[in-house]
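K.L.:
Each chain, written out:
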Amino acid sequence: MSASIEMQVLKGSGDDLHPIYLDYSATTPVDPRVAAKMIPYITEHFGNPASRSHPYGWTAEKAVENAREEVAKLVGADPREIVWTSGATESNNLAIKGAANFYSAKGKHIITVTTEHKAVIDTVRELERQGFEATYLDPEPSGLLDLEKFKAAIRPDTVLASVMFVNNEIGVIQDITAIGNICRENGVIFHVDAAQATGKVHIDLEKLPVDLMSFSAHKTYGPKGVGALYVRRKPRIRIEAQMHGGGHERGMRSGTLATHQIVGMGEAFRIAREEMDEENVRIRRLRDKLLHGLQDIEEVYVNGDLEQRVPHNLNISFNYVEGESLIMAVKGIAVSSGSACTSASLEPSYVLRALGRSDELAHSSIRFSIGRFTTDADVDYTISLMKGKIDKLRELSPLWEMFKDGVDLSKVEWAAH
Amino acid sequence: MSSIYLDHNATTALDQRVLESMLPWMQRQSGNPTSRHVFGRSSRDAIEHARTQVAEACGAYASQVIFTASGTEANNFAVKGIAGSQAGSQILHSAIEHPCVSRPAKAMQQTGWLSNAIGVDEHGVLSVAQLQQHLQTQTSVVSVMLANNETGVIQNIAEIAELTRKAGAFMHTDAVQGLGKMPVSFTDLNVHAMTVSSHKIHGPQGAAALILDKRVDIQPLLHGGGQERGLRSGTENVAAIVGFGAACELAVANLAHFASHTQMLRDTFELGLKSLNVTIFSQHTTRIPNTSFFALDGIEGETLVTALDRKGFAVASGSACSSDSTEPSHVLLAMGIKPDLARGAVRVSFGAHNTLLQVADFLTALKNEILRLKQLTGVAA
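Quick note, the sequences are listed as chains W and P, same order. Count the first sequence with this note's numbering and you get residues 1 to 417, in order. Count the second sequence with this note's numbering and you get residues 1 to 381, in order.
Treat each hint with caution, since some may be false.
One-sided excerpt, in silico: chain P residues whose CB lies under 7 Å from chain W [claimed, not checked]:
1) 35
2) 100
3) 107
4) 109
5) 167
6) 206
7) 237
8) 238
Simulated pairs of lysine-lysine, DSS-like, Cα-Cα distance not exceeding 30 Å [what the hints assert, rightly or not]:
9) W:389 - W:404
10) P:311 - W:62
11) P:106 - W:106
12) P:374 - W:118
13) P:214 - P:311
14) W:108 - P:106
Simulated from the structure, these hints should not be mistaken for lab results. Fair warning: this is a prediction, and the values are worked out from it, not measured in the lab. From the three backbone atoms N, C-alpha and C, an ideal C-beta is built for every residue, glycine too.
Go ahead and model the full structure; you've got the sequences and the hints to work with.
P.N.:
Here you go:
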């Protein structure tokens, strides 16, 4: 495979300037095969797909429709059910606002989960400002949703539920079939954010009781800046457009389509369809190796259910280590952490807090996410780096010393400053 | 036969230098700009560099640039976002706006806003008298495009902005067709918000920006991770933004040449049209230099465009976005052009790489096709 040559830059040596990339859930590299397919569409075939009068436009339109078919195939949908967007954030906004507004005569209550991506939570909050009511369900400590609690949250005026397929921080997989069936029984429209699911779990929308589903390209080795929304045709789901203009995408989403990016998403989803089964076996083996290596360390906690989980994700809290020092100490690997200051917000991971983790454990968590180009050597290096750094940090930690001396820290009464 | 591209107002070919600036961000690992590790930080740095390039090309500050995925998104954001923060007010726009300004304004009507279109004269120039009259009603936002995509007519935005400001409203201009074809300065235009787009200036599709005065209250169109100072959530399209920045820098550097060269091509072309008994729209007012919009009575624009395409010339019968419909151009109707003549409209928009020889070849092909089509219709009659 030509991939290995182009991807040499990913083979970080593990020093602070060339870290090993273990942040595939944040974004993935563009697969070289995807990039190769995209480039002709920004050079020679540069037409506007909406231009009907000349072959520049036709070539672009054909490429867009081929890509639509590839996206549809990966998820068991009809190509006519796929609407292009600029990314999963836009898909989530369009699905939630679009369906809530269209069906608001039926009711104004929305159900979602506290561990959803911000693009869902903040969109629902915006609808609350516009007069909708929302229920935010807490998941179980495993990260999974209790179906009975979900059922109990449904009201006669519930119009929409939004539950993500795979969580971005802890990788747990929700029981979408069961939740969808409950929605169907109660006449609730069901939206699923599947940005983290494509290429990791099998999705068959012909069977899944899901009405709207959001996808992203750049989490599945495609380019940034493109995504899609699945909108069911049978039974037909309607959404109100959020962006108005030339009437592209059958009026559901206006704006000139970025042909090369759409082509990239199509190719990325084709590769995912053809290679995911084999790839996931390899990735699971690497993840399990990483897990076994890190479990040798005392006082580590895996966040989220280990069974109902994609093989790509490992989220671990290292007790008695201060979050910010931890992230500074492991610069040889590129990972995400639940610590403050790693993201735009200044709070510890709200996902881990929703699982009932303490602030301390949430702060000292690291999300390792493994992908297509991760090697055994990367995992070996990561295990030895983590072991060494955790030892060092704990040597400096008075809390660790107290813990080792048998002090029950939960019972210590700290003097106020 | 390779075709000659004369549809630069629809979209443009990517400049080789822009492509080179983008390739590293398409082929190599690029981090999520929100991530704090070195992959994320280098993506962030690349975006901030592009922000400076866009700002400089637009006579704005980098802190005023909000990246979006398209001009359509930026226009929707401006109209819905600014009006949305002032409930129950009026939205004004010109009658010749792109649908991505007029349609969001219309959509706002359903939720309690007023929306009104300001007319233009027979040359396509905005009626200041109508504007002043409409401004007597409480108005939140006035949106008038800098240069029209079909006729190329340039509006006196600074003057319109002055009147808008006096009425206590915010001024937005869609400058998508202006950037790269005429000097564009956010500061000099005196507007509160301005839309610019990458793929019209030899940059990639997938990046655009709303330049926004920070004192303006605006509601986001997309909610989520809080990127772009909370005003536009969604992981940034790093490669496209980098390309947009590079394209802006080149557009400014090439502006003088572009303007004189395409004006020379257009003048030659329009001189050649004289013998064909066509109507050239907006010929006697200020236009961007590359655009010519004309019509023949009795020949459908769509038919002519298809015929020309077979001869290897790519032109447009209206704006690409509305090419789907057979409705006559709303821009021409607003100018008071009769629907029959408007249906015959053809737009030619030149680029810096077009040549005089191509203009001559195109004129010959145009004359032949017109003759042929007239004979056909003559036979039919």
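K.L.:
So, for every hint listed, does it hold in this structure?
P.N.:
Evaluated hints:
| no. | hint | verdict |
| --- | --- | --- |
| 1 | 35 | 5 Å, holds |
| 2 | 100 | 3 Å, holds |
| 3 | 107 | 5 Å, holds |
| 4 | 109 | 12 Å, violated |
| 5 | 167 | 25 Å, violated |
| 6 | 206 | 3 Å, holds |
| 7 | 237 | 3 Å, holds |
| 8 | 238 | 6 Å, holds |
| 9 | W:389 - W:404 | 18 Å, holds |
| 10 | P:311 - W:62 | 22 Å, holds |
| 11 | P:106 - W:106 | 24 Å, holds |
| 12 | P:374 - W:118 | 61 Å, violated |
| 13 | P:214 - P:311 | 50 Å, violated |
| 14 | W:108 - P:106 | 24 Å, holds |
Hint violations for this structure: numbers 4, 5, 12 and 13, all remaining hints satisfied.
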